[in-house]
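Student: What follows is each chain in one-letter form.
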Amino acid sequence: MTTLGIDLGSRKVKFAALRDLEILWLRDFDTIPFYKRYGGLHAGRLTIDFAALELFDPAHPPAAMVATGYGRNTINLEGARIVPEIQAHVAGARFQTGCDTFTLLDLGGQDTKVARVEEGLLQDFLMNDKCAASSGRYLENMAQVLDIGLDELARHADNPVSLDATCGIFGESELIGKIVEGHPLPHLCAGINATLVKRVLPMLRRFPQDVLMVTGGVARNQAFRHLLRQAVEARLLVPENPQHNGAIGCAVLAAARPLEK
Amino acid sequence: MIGFTTTIPLEILVAAGRRPADLNNLFITAPDPQSLIEEAEVAGFPRNICGWIKGLYGTVIRHGISEVIAVTEGDCSNTQALMEVLTLHGVKTIPFAYPYDRSHESLALEIHKLARHFGVSRDQIEEARDRLDRLRRKIHEIDRLSWQENRVSGEENHLFQVCTSDMKGDLAGFEDEIDAFLAQARQRAPLAETLRLAYIGVPPIITDLYARLEEMEARVVFNETQRQFSMPYPCADIEEQYRRYTYPYDIFTRLDDIEEQIALRRIDGVIHYVQSFCFRQIEDLIVRKRLKLPVLTLEGDRPGPLDARSRIRIEGFLEMLKARKP
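So the protein lines, in turn, are chains A and B. Each residue of the first sequence is one higher than the last, beginning at 1 in our numbering. Each residue of the second sequence is one higher than the last, beginning at 1 in our numbering.
Simulated from the structure, these hints should not be mistaken for lab results. Ideal placement from N, C-alpha and C gives every residue a C-beta, glycine not left out. Among these hints, one or two may not hold up.
Stated by the list, open to error - Some, not all, of what chain B presents toward chain A, calculated at C-beta under 10 Å:
id : residue
1  : Gly64
2  : Ile65
3  : Ser66
4  : Ile286
5  : Arg288
6  : Glu315
7  : Ala323
Stated by the list, open to error - Not everything, but these chain A residues come out facing chain B in the computed CB check (under 10 Å):
id : residue
8  : Phe56
9  : Arg81
10 : Glu85
11 : Lys113
12 : Ala115
13 : Gln123
14 : Asp124
15 : Leu126
16 : Lys130
17 : Val145
18 : Leu146
19 : Ile148
20 : Leu150
21 : Leu204
22 : Gln209
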């Protein structure tokens with residue numbers, strides 16, 4: 001049986017297809033161009049032009065489809081069961097790692113989520129709710145100020161320059177000030193990565209420090225992972241496909257449904 | 001009309017024949033509460049100050065209220081500066097303080113000062129207390145119907161309880177409203193059993209929180225502060241009554257009451273509402289340490305419907321509670 005998971009994120013729309021609980025393929029699209037090209041509203045429901053997307057053979061559509069993500073409160077995706085984001089992320093993390101007791105840190109485009117899972121059951125979770133200065137968007141903005149790519153930004157963890165602005169946008173002018181002061185680029189990059197660690201630590205400290213699973217696009221940033229490892233006692237675990245974790249979780253939940261009572 | 005910034009010994013105003021007005025209720029039920037905040041910001045109130053303080057300022061100015069009782073201790077220390085600004089506008093302000101140590105002596109002195117200001121005697125106060133208690137007992141019955149018999153929604157209970165701070169400024173009219181509601185609620189079929197939530201913290205600035213929770217198959221069956229407004233304990237005298245009233249005192253006194261009610265009312269999870277920029281936000285860490293149940297901390301800033309992000313968090317929280325339910 002093939003199932004499809006869709007994670008409608010703030011920066012990327014991600015797809016995951018599973019066949020008999022093996023990952024068949026993963027895809028992602030930038031959110032706004034995706035909605036412009038493939039999205040449509042019919043009778044108040046979001047429809048996706050799957051034919052134009054060419055993700056699967058229309059003659060053999062997936063047996064079940066589950067979606068989650070940003071804006072799912074206002075959008076009903078036709079043909080899909082909608083699940084809360086946190087449920088999708090936990091399912092994805094368990095599927096990808098086989099781990100049942102862990103603290104999950106999901107750093108997405110604008111959302112930062114921390115969840116505690118014990119023996120497969122969600123115990124508690126937190127989510128940033130006023131500011132996105134602890135998210136991937138912050139890294140994107142800062143990389144843009146430095147005129148470098150995210151990959152370059154992710155290379156540097158040594159001698160971080162101290163950045164203290166609580167606001168992501170004011171952080172940009174603070175960064176410009178540091179450039180003017182003459183700090184070398186690697187130190188500025190390290191400072192940005194270290195700032196992100198500082199921002200998520202208060203959320204992490206509320207939870208047990210045994211296994212820390214890191215997902216979301218930011219999990220691909222190796223400097224961030226390195227600095228995070230130094231800051232926490234927990235063993236860091238990054239699944240193979242951190243950015244597609246939510247979509248994979250949805251596909252897992254789609255496969256699980258027919259097995260439910 | 002005499003305004004006040006949070007629950008004060010209402011008996012004194014009733015005994016003095018003055019019309020009480022809880023400024024919070026006037027603010028949040030205004031057709032455009034957001035504009036009252038904007039008025040305060042235009043006047044120079046900082047952006048990073050609690051929306052209630054700014055709303056109270058806007059309310060006093062718009063209604064032309066000339067006399068305000070200000071609770072300067074036990075509720076919100078920003079009230080002190082609010083009073084100073086109102087004094088500048090010619091508003092007469094009367095301070096009232098709940099002593100942090102809950103000492104009978106200090107509270108008795110505060111109550112005495114307030115009574116003297118309004119020229120009311122002890123007998124008049126006790127007479128007013130009897131009158132008010134009659135209404136309060138009916139509100140307690142609405143509360144009981146909500147958690148014990150599932151015949152009253154979380155929102156209905158919240159609204160009736162929250163109104164006990166000033167009895168809508170009209171005791172007879174409010175009593176008629178309560179009587180009519182009780183007669184109707186008692187006849188209702190019990191609501192379907194859903195997730196049972198406790199709501200703790202100050203009343204929400206979010207206007208549709210209770211309704212949205214019920215849509216998501218969860219019902220608030222314990223309103224901490226609103227229930228406290230209704231003076232839930234029978235007490236021998238007015239000092240004892242306002243000593244047992246937990247809201248203006250330390251978090252541990254509040255938590256004793258919260259824990260007792262959580263057990264009694266078979267609560268599945270707790271929503272701890274905090275107001276943006278309020279000192280009570282700090283206490284969230286104590287709440288989380290003490291309570292054995294899952295706690296969702298929900299922060300509100302300005303009046304209006306529940307925002308999409310908070311809704312996502314609530315959905316995740318309720319999902320978690322459902323998974324935990326045996």
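Student: Now look at each hint and say whether the structure bears it out.
Tutor: Evaluated hints:
Evaluation of the B:Gly64 hint against chain A yields a violated restraint, the C-beta minimum of about 35 Å exceeding 10 Å. Given hint, B:Ile65 at the interface with chain A, is violated; its Cβ is 32 Å from that chain's nearest Cβ, farther than 10 Å. Look at B:Ser66: its Cβ only gets to about 37 Å from chain A, farther than 10 Å, so that hint breaks. This hint is violated: B:Ile286 has a C-beta 13 Å from the nearest C-beta of chain A, more than the 10 Å allowed.
For B:Arg288, the shortest C-beta to C-beta distance to chain A is roughly 7 Å, which falls under 10 Å, so the interface hint holds. The closest approach between the C-beta of B:Glu315 and any C-beta of chain A is roughly 5 Å, which is under the 10 Å cut-off, so the hint is satisfied. Hint status for B:Ala323: holds, given a least beta-carbon distance of 6 Å to chain A, under 10 Å. Checking A:Phe56 against chain B by beta carbon gives a least distance of about 29 Å; that is not within 10 Å, so the hint is violated.
Against a cut-off of 10 Å between C-beta atoms, the interface hint on A:Arg81 is violated, since the closest Cβ of chain B lies about 13 Å away. The interface hint given for A:Glu85 holds, since its Cβ lies 6 Å from the closest Cβ of chain B, which is under the 10 Å cut-off. Among the interface hints, the one on A:Lys113 holds; its C-beta lies about 8 Å from the nearest C-beta in chain B, closer than the 10 Å criterion. For the restraint placing A:Ala115 at the interface with chain B, the shortest Cβ-Cβ distance is roughly 8 Å, inside the 10 Å limit, so the hint holds.
Hint on A:Gln123 holds. Least Cβ distance to chain B is approximately 7 Å, under the 10 Å limit. Hint status for A:Asp124 relative to chain B: holds, with the closest Cβ pair at about 6 Å, below 10 Å. A cut of 10 Å between beta carbons decides the hint on A:Leu126: the least distance to chain B is about 8 Å, and the hint holds. Against a cut-off of 10 Å between C-beta atoms, the interface hint on A:Lys130 holds, since the closest Cβ of chain B lies about 7 Å away.
Against a cut-off of 10 Å between C-beta atoms, the interface hint on A:Val145 is violated, since the closest Cβ of chain B lies about 25 Å away. Nearest Cβ of chain B to the Cβ of A:Leu146: about 29 Å, over the 10 Å cut. The hint is violated. Checking A:Ile148 against chain B: minimum C-beta separation of about 30 Å lies over 10 Å; hint violated. This hint is violated: A:Leu150 has a C-beta 24 Å from the nearest C-beta of chain B, more than the 10 Å allowed.
Checking A:Leu204 against chain B by beta carbon gives a least distance of about 14 Å; that is not within 10 Å, so the hint is violated. For the restraint placing A:Gln209 at the interface with chain B, the shortest Cβ-Cβ distance is roughly 17 Å, beyond the 10 Å limit, so the hint is violated.
When the structure is compared with the earlier hints, violations turn up for hints 1, 2, 3, 4, 8, 9, 17, 18, 19, 20, 21, 22 and for no others.
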